[in-house]
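*Asks:* What follows is the residue order along each chain.
Protein chains: 4
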Amino acid sequence: MIEAGIIGGAGYTAGELIRILLRHPEVNLNFIYSTSQAEKPVSSIHQDLTGETGLIFSGEINPEADVVFLCLGHGNSVKFLNDNSFSDKTKIVDLSTDYRIAADSHSFVYGLPEFNREKISDAKFIANPGCFATAISLAILPLAANDLLKEDVHINAVTGATGAGTSLSETTHFTWRDNNYSSYKAFEHQHLEEINHSVKKLQSDFRSTLNFIPNRGNFSRGIHCTAYTHFEGSQEEAKEIYQKAYEDAAFTFVTEGEVHLKQVVNTNKCLIRLQKFGNKLLITSVLDNLLKGASGQAVQNMNLMFGFPENQGLQLKASYF
Amino acid sequence: MIEAGIIGGAGYTAGELIRILLRHPEVNLNFIYSTSQAEKPVSSIHQDLTGETGLIFSGEINPEADVVFLCLGHGNSVKFLNDNSFSDKTKIVDLSTDYRIAADSHSFVYGLPEFNREKISDAKFIANPGCFATAISLAILPLAANDLLKEDVHINAVTGATGAGTSLSETTHFTWRDNNYSSYKAFEHQHLEEINHSVKKLQSDFRSTLNFIPNRGNFSRGIHCTAYTHFEGSQEEAKEIYQKAYEDAAFTFVTEGEVHLKQVVNTNKCLIRLQKFGNKLLITSVLDNLLKGASGQAVQNMNLMFGFPENQGLQLKASYF
Amino acid sequence: MIEAGIIGGAGYTAGELIRILLRHPEVNLNFIYSTSQAEKPVSSIHQDLTGETGLIFSGEINPEADVVFLCLGHGNSVKFLNDNSFSDKTKIVDLSTDYRIAADSHSFVYGLPEFNREKISDAKFIANPGCFATAISLAILPLAANDLLKEDVHINAVTGATGAGTSLSETTHFTWRDNNYSSYKAFEHQHLEEINHSVKKLQSDFRSTLNFIPNRGNFSRGIHCTAYTHFEGSQEEAKEIYQKAYEDAAFTFVTEGEVHLKQVVNTNKCLIRLQKFGNKLLITSVLDNLLKGASGQAVQNMNLMFGFPENQGLQLKASYF
Amino acid sequence: MIEAGIIGGAGYTAGELIRILLRHPEVNLNFIYSTSQAEKPVSSIHQDLTGETGLIFSGEINPEADVVFLCLGHGNSVKFLNDNSFSDKTKIVDLSTDYRIAADSHSFVYGLPEFNREKISDAKFIANPGCFATAISLAILPLAANDLLKEDVHINAVTGATGAGTSLSETTHFTWRDNNYSSYKAFEHQHLEEINHSVKKLQSDFRSTLNFIPNRGNFSRGIHCTAYTHFEGSQEEAKEIYQKAYEDAAFTFVTEGEVHLKQVVNTNKCLIRLQKFGNKLLITSVLDNLLKGASGQAVQNMNLMFGFPENQGLQLKASYF
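Taken in order, these protein sequences are the chains called A, B, C and D.
With this note's numbering, you'll find the first sequence wraps up at 321, consecutive numbering, no jumps.
With this note's numbering, you'll find the second sequence wraps up at 321, consecutive numbering, no jumps.
With this note's numbering, you'll find the third sequence wraps up at 321, consecutive numbering, no jumps.
With this note's numbering, you'll find the fourth sequence wraps up at 321, consecutive numbering, no jumps.
Hints are not guaranteed to be accurate.
When chains are identical, the list treats them as one kind, so a pair holds in a single copy or across two.
In silico BS3-like pairs for lysine-lysine, Cα to Cα no more than 25 Å straight-line [unchecked claim]:
no., residue 1, residue 2
1, Lys185, Lys239
2, Lys200, Lys280
3, Lys239, Lys79
4, Lys124, Lys201
5, Lys89, Lys124
6, Lys150, Lys280
Calculated directly from the structure, the hints in this document are not laboratory data.
This is chain A alone, in the form it adopts within the complex (with noise of 0.2 Å):
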């Protein structure tokens, strides 16, 4: 039984962890600090916990947890570990996009498990992978694995609102978002450097451009992503490439069939499609930009870093229909 900690407790990153880790066999929730909700109950933000638990958000941190996880805004994780220590044994979890780029300055791994497991189980320090970066690395890094990633990549996915965060904003408001469809930040999304940097690890003669359009969906939770490429095998070859990649991944499936938002959500599953037509190959990938997205693969690699198993806490129910 571990001691956990989360900083930041109020947003949707914090909410889905506290559920998570709530249920979680081999973790006690220690503290969850939160500075604008400091003495409420987490049940009177998080509603659903109504019955569920007394805990109180704190206005302090205990330095001696096991483990941390940062959910705090972009930028505000350097600032925070700037101005609060922990104990030697804390690991840290980062939520943020602060850490995710390898650096000089920094120690934290990118905690990818797809591809950096053993760094991962090793790690103390681990930056969480951004939402979009999962579900496309997951749906490309196979390819540059094997030193096939030639030309350029055409990537188009799509998101919910839950992926804009809690606060208001004119494209959050219900009557704006519902029944409509728009995209944004075209070809400059800030995750593609986090993506650029892992396929670069994996292939470093990558000099082709990933072409990526991010869209806000009429949805709450999920991403759907589409990436082409040329790719000279066939089909099979392409499966057998992607089964091999993933042949221990605790959550990332190779599928037949359509992919679609409600076969992964509420789950920290990533499910992927391959499909060839003429000589390009079309990956599809899905999965919960909350979950797999954020907190549950937080807690996946939570547990490899622990030694759990890598699926404990997270064999969690889709609401599917």
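Following the hints, position chains B, C and D against chain A.
*Replies:* Only chains B, C and D this time, still in chain A's reference frame:
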């Protein structure tokens, strides 16, 4: 051709008024007054109007306009009319609650054409009914007009997110409202006052209670209302009463078969269904909260005041699917 | 470890049972009987289970199973049990309406744990309550249990599209239901019989009417129910009554503040809010129609029958956002 | 005043035609032919028309009509015109795919007014473009018209559930589609043929590939399309090209700022945004699949054929919120 002005142009009701008046053959949209948006193109806020109008939000009013619509927050119409004056010929339609209850202090006429057509035609100042008030009044006033409201009325109605106004709030955030449902202000909704007022004008001996539970639906537009009460007569007698009440109505129809929102959304119609169960009469009414429940009815009142055909500019295509 | 079977495996309630039982630590899912899907992988229909189970729909039943769940259309459970027999030890949970009304012709126990826990624990055959029946019963039975239902009860409830079953129909077509709302079967819903039956068992002098209007909401899962009736006591007295009624309940909680669907969807919970207005008590209840309103409650009943902890396998993570 | 007939009256495109033509000042809706609905009131199927029309579906056609719209399934228009004949003066607008590709065997003119206005004005028979074809053609044909399509084009578009027709299917069931997303027919959508045909008519040396991934969105109406390709010029030069291409267009506008579905749904408009990134031009287009993508464009073509103002009867109010 009359000159029309709108006060408070960035919200939902102003937006709908603009859309209707721009296409109204007898109206020139003279000015749209908005302090927050002054000098901006109207199509920068109401972006569906791209290519249709070069109008600019104005920081000044034209006191010589033939008709002025007040689209201000509740309480602000009184304040605005205290601070601004219009020419003697200027007719005013107020969409707020400020003047809906008849009082010696003002000369506004309640703008429910089905029960007030003559007074509206002669009026200079109109208090446009509330959205729930319109749906409920059209459901029960035919009974009041025949002194048939003998016992309590049990009313349950649900409104779309536009009913809550453009401001951002927890319950209008997409991730809250999507696939959700809740009730609010049970038995205490502010529209009860104007509905009771209308009932008592028609049936002065009414002493029973209107029990009204409003609900938030996860859709953008529309009100669906069920109301039931004791009724001695047969279903056929009820239909005769209602059909007589609405035989001259331009937009309110008694219909057979189920009623639902898609029959009326984006139109100025109200559809009404009557069913008898035991000694209870169930009346179901549906309308678009922004049109028959606000801006459409405001234009209907304008048409009556200026002697235009009652449905002019209001023959709107439902989206239906 | 017990062996469980499911009869009729392709629908919503069977799907939810499969999801729950696959993760239940005391249950082995022995067979899923489906004539229409026999020989197909379960994950080809319930596609969220990809990677989790190799189970195949079976064309045969195992009469030696410890527990069998009947997920058949109303009327078909009687027929099925006439045509098939199980071992003496086999316990049966029927999710249809067929055995919900106590009768000399059968020995099924009504499976509402909050009011029937002891009988359920000793039962061999369980009639699982209807979804609306559960939401409404949990809202009003504490009053009946105290002989406090003195006048008519006015009930309005809305259910998601899964309430209509998997078959395609006009009102479950996306283009009809999206952003729509309607009522149906007013005062005549088939669940009224079992609710009245439950009320009269607790308050034999009940002579008033349960007035119930069901509605179709444009969401997939969940029931939101408001019920009000005459109540002499204070709001605090009402809370005491309800809190006492549910002090041992595993999933039913009296809560402060607004209740809404996202608090309970994808969980086995029922949340209840109490408000006093004048001499009326308003009770609002919310639950997931497929879980507490069907399959979750069925497993809860199974847990009680086999002496497992009541919430085993049912500590489900809400999606909430 | 011309006499119009509709063949196949119960579907989405027929419904929209009826709504538009009933309000068109130059058209009398002479007959609506439907074998499945013959003798039923039109308002019993298109229920938003309650109170507006007493029209009855007809089991017979009027061969003397001035214009006839064919709203039949793909393949059935050819069959219908083989089996039925109309007067010499009768103009025909076919909404199916049957005549969209020019061929010696027929004399239908492709009804995309932005690029074919003169031929349409002189035409007797019009093949109305497909919905995706319209959105994509309006996005890329200005480049083709200037011989600027030099490399592959990468197109991703999403359509609402009305795009799949009125028949019930798994992917149009509410519980499947609600809060879901998926792609289909990648690189092989049937509209690619007519788009390629249009491109090559304008740029005969076009040898590149249109890579098109269509998607199913969880909304009822609308198409959102992104297309990008190599473009040497600046963003300003692109805007000049497009503004020139659409300077006479009645409903297609180049716009600044984000485009989204609510700007165009329930109107006959297409909005287009242009953005330059590196050496790529990104074109985003939005339209209503049932209006500019079907019935609205059909009426636009009718207006041109009969010399009516191009936008007559088509100045539709968006619902926007």
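*Asks:* For the identical chains here, do Lys124 and Lys201 meet the 25 Å Cα criterion within one copy, between copies, both, or neither?
*Replies:* Classified as within; 21 Å inside a copy, 61 Å across copies.
*Asks:* Is it within, between, both, or neither for Lys89 and Lys124, if the alpha carbons may be no more than 25 Å apart?
*Replies:* within (8 Å within a copy, 53 Å between copies)
*Asks:* When Cα atoms must be at most 25 Å apart, do Lys239 and Lys79 count as within-copy, between-copy, both, or neither?
*Replies:* Cα proximity of Lys239 and Lys79: none, with 44 Å in one copy and 44 Å across.
*Asks:* Checking Lys185 and Lys239: alpha-carbon separation at most 25 Å within a copy, between copies, both or neither?
*Replies:* The answer is between: 20 Å across copies meets 25 Å, while 32 Å in one copy does not.
*Asks:* Within a copy, between copies, both or neither: where do Lys200 and Lys280 come within 25 Å Cα-Cα?
*Replies:* both (21 Å within a copy, 23 Å between copies)
*Asks:* Within a copy, between copies, both or neither: which one fits Lys150 and Lys280 at a CA-CA cutoff of 25 Å?
*Replies:* Classified as both; 11 Å inside a copy, 19 Å across copies.
Against the hints set out earlier in the document, a violation occurs for number 3 only.
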